[in-house]
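S.K.: So the protein lines, in turn, are chains U and F. Residue numbering for the first sequence follows my numbering, starting at 7 and increasing by one per position. Residue numbering for the second sequence follows my numbering, starting at 3 and increasing by one per position.
FYI, nobody ran anything at the bench for these hints, they're computed from the structure. Just so it is clear, the structure is predicted and the values come from calculations on it, not from any experiment. There may be inaccurate statements among the hints.
[What the hints assert, rightly or not] Subject to a maximum C-alpha distance of 25 Å in a straight line, what follows is the list of computed DSS-like cross-link-like pairs (lysine-lysine):
id, chain 1, residue 1, chain 2, residue 2
1, U, Lys11, F, Lys186
2, F, Lys154, U, Lys46
3, U, Lys276, U, Lys46
4, U, Lys116, U, Lys199
5, U, Lys276, F, Lys154
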Amino acid sequence: MRQGKYPFIVGFLAAPVLLYVVFVISPYIQAFYISLTDWKGISAAPRFIGLENFTRLFDDEVFWAAVRHHGVLLLVMPLVTIVIALFFAFLLNLSGGQRGGQMTGLWGSKVYRVIFFLPQVLAVAIVGVLFQTIYRSDETGVINSLLGKIGIDPVGWLIDPDIALLSIIGVMVWQAVGFYVVLFSAGMSSIPKDVFEAAALDGAGRFTLFFRITLPMLWDTMQVAWVYLGIAAFDAFALVQVLSVDRGGPDNSTTVLPLEIWRTAFNFSKFGYASAMGVALFFMAITFAALTLRVTRRERIEY
Amino acid sequence: MVTDTARKPDSRPSAPARVRRRERNPLGAFGALSHVALLLWALLIIGPIVWTFLAAFKTNAEIFGDAITLPASFGGDAWGRAWEKAHIGQYMLNTIFVVACSTAGTMLLGSMAAYVLARYTFPGNRVIYFLFVSGMTFPVFLALVPLFFVVKNLGLLDTHLGLILVYIAYSLPFTVFFLSAFFKTLPTSVAEAAMMDGCSHTRTFFQIMVPMARPGLISITIFNILGQWNQYLLPIVLLTGNVEDKWVITQGVANISTSAGYEADWPGLFAALSMAIIPVMIVYIIFQRQIQSGLTSGAVK
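Just need the whole structure built from these sequences, with the hints factored in.
M.R.: Here is the structure:
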């Protein structure tokens, strides 16, 4: 049994570990060093400049615009997604009344779950192109054309700096809700049936069931959801790159850090500076995850 | 037996049963409103996709006209133009090639690593496992610049091989995480019996463990196919040069919508979009159960 164990282990691990170290681990480590240099391209050797890139970030208006947008994304996107997803998950799992002592969903809940989840499997870039025409700002855009039927003037969904970011958030929510409906459904199905049964026998209505039982017992799942949506908010790239006017416009009103990293590196060849933004993004994402887990920590409900 | 006795009280028309029946009443105001909300959201999801498919059959004038009209005729001109002139056919074949190779590679290397990490004790086991799993938590944008130069220095920039290797590397964290949990749940007795009969470690893995792990392998394979098929960031960084003939489908579609050359051909754009959406939808409809459970099990670490 023990014969040839180590050659086997080495043989099986060598290729995956090598590939992983070369293409994943080493770039992550290098990024921290590159962020301390003024590397601008292939010909000029990188010069070590310490924290200069980071002090420059402090005066960079576009950087701060991007950070502000992550703030908006972090508040609005998870909140809206979770509220909508919770509502639908509750309807689909628990609000069809009881049958044979079990809580059931509304009629057709299986079909709804399949439909709601669908956008999740579509490529973000493809969804971006699709919503470009849906959001078109004159009366030929799909939404504006529908609004025109009820006498509302065309809205500049993507060209009005005040609402462009919200329009993009709308697409994110559109795409994400189905995933969290499924996630919350899984959480709800793990709540013991007799809890609901007992509450229903005591005369609890749907609202009591939702706010007094479902919500507190789903707290762990919601915490996971918030962290995941937060990470998605830091990752928003393809949608902004494809959907926004002038890549992050108008007037940088929709730009996000990943987009700035990509532009700074591959359009302007400022690799050191782009990596500094990457490091800033890294620390923001880590801080967010740690904060969320800390703030939302609660007594675990044992069941 | 057990279910029979459990059901009996329900079939009796006792008072609690009648209360339950009233709660199920589909005509309640709450029930009606719920159905309206669910239908509306379903419409919001399906609407844009159906509209895209229809627009692929419309003319430019129809696309810019009333949003909710059917195309005058269902000809396939735009589909042909998108396939040939906008090179969607080429991009599709490139994507199929890249995704087939990288998914196969991911599954082979990922399951090998996961198996060893899950079922063998050796020094460094935990370190390597956490090394893999930590890759799930870091933002890929941090690694973007150095990754570009790593690939460039290896001479793999603008090649499909480079993209395939990078896809495999970035799919390993979740694959290893998911599959090592799966291998741990498999019974040890079967593998031990095989070893007693003189099976080598390698043969035990390929002939005993892989077939037993099939449900887990299928879930994660579909997950990887979808993820790699939909990838956009890595191709636009690693296939940047003048290698349009090597592009993948997401790049191609995003480019049609921005490049001025095709701007006049809106039906072509929607045909291209439809062609990018249809394969994914087919895979989703067939495997939706595995996809949903695969994706969400990743979220509940």
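S.K.: Give a verdict on every hint.
M.R.: Cross-check of the supplied hints:
In summary, the hint linking Lys11/U to Lys186/F is supported, as the alpha carbons are separated by about 18 Å, within the 25 Å threshold. Between Lys154/F and Lys46/U, the direct Cα distance comes to roughly 16 Å. Compliance with the 25 Å bound is thereby established for this hinted pair. Taking the CA atoms of Lys276/U and Lys46/U, the gap is near 5 Å; set against the 25 Å cutoff, the hint holds. Taking the CA atoms of Lys116/U and Lys199/U, the gap is near 20 Å; set against the 25 Å cutoff, the hint holds.
Restraint check for Lys276/U and Lys154/F: the C-alpha separation of about 17 Å stays at or below 25 Å, so the hint holds.
Checked against the numbered hints listed earlier, the structure breaks none of them; every hint is satisfied.
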